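Undergrad: Sequence:
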Amino acid sequence: MPDLPTPQNAAEAALLSECWDAVLSYADLCTSGSAAATLLATEAFTHGIDELRAATAASKSTGTGRRALRLPRIPLLLASVRTVAGAWETNGLGHRLDPDLRLWLHSDKAARYIGPPLHRPLALRGLRDMQEPDAVLLWLAEVESLPLSAVARRLGLDPAAASSELAQVRALFRDRCHRNHIDTPMDAYCRSYARLLDAVTRSPTAETPEDLSRHLARCVECAEAAACLRLHGGGLPAALSSGVIGWGGLAYLERRRRAAEAGMIGGRTDAAVDTGLNEGKPVRPRIGRTGILVTAVLVSALALTVSLMPFGGSKGGDVSAAQGESTDGQSLADPGPSFPSGSESESESGSGAGSGSRSAGSPAVADSTSRPAGNSDPEAQGESSSPAGKQGGAKGGAKGSTKSASPDCRVKYEIVSEWPDGFQATVTVTSTKALATWSLGWTFKDGQRVGQMWDATFTQNDSHVTATAADYNKTVAANGTFTFGFLGSWTGSNSPARDFTLNTASCQAAG
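Going by my numbering, the first residue of the sequence shown is number 8, and it counts up by one from there.
These are computed hints drawn from the structure, not numbers from a lab.
None of the values given here were measured: they were computed from a predicted structure.
For glycine and all other residues, C-beta sits at the position ideal for the given N, C-alpha and C.
Hints should not be assumed to be uniformly reliable.
[Stated by the list, open to error] Estimated spans, in silico, between C-beta atoms of each pair:
hint: 1; residue 1: Arg505; residue 2: Arg225; range: 21 to 31 Å
hint: 2; residue 1: Ala167; residue 2: Ser513; range: 46 to 56 Å
hint: 3; residue 1: Thr482; residue 2: Arg505; range: 19 to 29 Å
hint: 4; residue 1: Ala512; residue 2: Gly99; range: 22 to 32 Å
hint: 5; residue 1: Gly499; residue 2: His471; range: 17 to 27 Å
hint: 6; residue 1: Gly499; residue 2: Asp194; range: 27 to 37 Å
hint: 7; residue 1: Ala512; residue 2: Leu100; range: 23 to 33 Å
hint: 8; residue 1: Lys452; residue 2: Thr63; range: 55 to 65 Å
Please model the complete structure; the sequences and the hints are all you need to start from.
TA: Structure, rendered in structure tokens:
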């Protein structure tokens with residue numbers, strides 16, 4: 008396996024320490040095993056470092072002292088993962104990659120990232136057009152899901168002013184995306200909606216006209232534009248991750264949010280080394296190459312462990328709500344209006360972008376019946392064998408009170424984000440018994456439609472939806488928890504799903 012490049016200065020040393028776990032996390036989504044993930048991350052990191060060195064040299068050679076506009080370092084390295092994965096596929100190493108990623112690499116969606124600049128995803132163009140310090144602030148807060156206080160420390164900002172700074176940067180990103188949308192070659196029908204789309208997405212109270220909603224449901228490019236232009240509603244993180252990263256963007260976002268919630272995002276938080284804010288000031292490396300590599304590997308292992316572990320517990324059958332909140336109040340949300348069903352569902356559902364976190368926890372099916380009170384074996388009823396435990400026995404032959412079996416399956420259905428014509432939901436299931444595979448069904452009361460899903464594949468027949476396990480999370484342990492998420496559309500009302508079944512057996516909804 009190739010070695011990571013030797014840091015040439017303090018900035019590159021900090022880059023390795025801060026970004027390696029992010030690169031490895033995305034590489035793990037893109038590959039079929041941990042060994043391939045480490046290899047892909049190493050090659051991608053080397054490719055990204057070479058690109059950054061070349062850009063820095065070119066900037067110095069111009070003599071202007073002004074940096075060329077480019078992606079922040081973390082998304083630039085994630086793009087390198089995508090580039091190296093494409094090279095693997097071309098050079099006969101595609102068997103190392105996730106099967107859905109291989110399909111995506113041969114699709115028109117992947118071609119957009121290397122095609123004419125004006126046809127590339129709007130979020131990618133908007134982020135690239137921002138000055139790097141602004142773009143770094145936006146990416147760390149929205150996609151890496153770091154608490155704003157931690158972002159401020161990392162970038163050397165005044166913590167008291169960080170919130171207003173982020174609001175200004177969000178508005179700046181919207182402005183860049185709006186300009187790029189206007190400059191995008193589009194047919195007359197799409198262009199007729201451009202001004203209306205700008206007006207509707209500016210106000211959180213504006214209603215989306217029905218004809219515009221129908222258009223957004225059919226046009227991928229306009230739906231992407233709506234997601235980037237709508238700053239309210241919590242959809243900006245998903246718009247950024249999907250547009251900049253591409254395949255696996257939503258799954259990567261969820262992994263980083265989980266790791267940030269658990270405090271496992273690595274890297275220094277006391278300097279602005281990766282932003283250019285302290286450029287020109289000599290900084291001595293704090294640790295040598297060996298220490299950097301050891302630290303990076305340890306941080307990566309811990310971050311991946313958190314993103315892969317099942318969230319939730321089995322005590323009392325309750326399900327953890329770890330996916331419902333984030334440390335700074337920022338929850339994972341879908342970009343604005345719902346995407347057309349054909350935009351990403353083929354690549355996101357069931358693995359890849361739909362890979363979400365490769366959790367090992369999960370459910371099982373069983374009969375949830377109580378044992379008869381007259382059973383002669385008190386231990387079988389879960390009673391204490393001590394004298395104190397027998398003193399509470401009921402008259403008439405029963406030596407203790409009957410205890411009902413706890414539910415074998417509990418479901419927590421949570422609407423994470425909602426906007427006028429769409430929503431994002433997370434489903435967390437806990438089971439008391441092991442299962443070789445799983446299939447969760449439910450019914451929508453108000454006729455909602457699922458558009459795309461990650462960590463599972465889905466089918467929908469009228470109001471009934473069935474989510475089926477992906478290859479990597481179908482085997483589950485007793486008392487395990489598994490989670491998947493989806494984007495949906497609604498009209499009129501958006502009541503929570505009901506009538507859950509796990510492998511056709513009834514499953515209790517958690518309150």
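Undergrad: Go ahead and decide if the range 21 to 31 Å is satisfied by the Cβ distance of Arg505 to Arg225.
TA: 30 Å Cβ-Cβ, so the 21 to 31 Å window holds.
Undergrad: May I ask you to test the hint 55 to 65 Å on the CB atoms belonging to Lys452 and Thr63?
TA: Cβ of Lys452 to Cβ of Thr63: about 57 Å, so the range 55 to 65 Å holds.
Undergrad: Quick check on a hinted range of 22 to 32 Å for Ala512 and Gly99, using CB atoms only.
TA: 45 Å, violated
Undergrad: Between Gly499 and His471, is the Cβ distance one that fits in 17 to 27 Å?
TA: Taking Cβ atoms as reference, Gly499 and His471 lie about 19 Å apart, which means the hint holds.
Undergrad: That 19 to 29 Å hint for Thr482 and Arg505 (C-beta), does it hold up?
TA: 28 Å, holds
Undergrad: Evaluate the given range 23 to 33 Å for the C-beta pair formed by Ala512 and Leu100.
TA: The hinted range 23 to 33 Å is violated for Ala512 and Leu100, with Cβ atoms some 43 Å apart.
Undergrad: Should the hint that Gly499 and Asp194 are 27 to 37 Å apart at their CB atoms be regarded as holding?
TA: Holds: the Cβ-Cβ distance is about 31 Å, inside 27 to 37 Å.
Undergrad: Taking the CB of Ala167 and the CB of Ser513, does the distance hold inside 46 to 56 Å?
TA: Holds, at about 52 Å.
When held up to the earlier numbered hints, the structure conflicts with 4 and 7 and fits the remainder.
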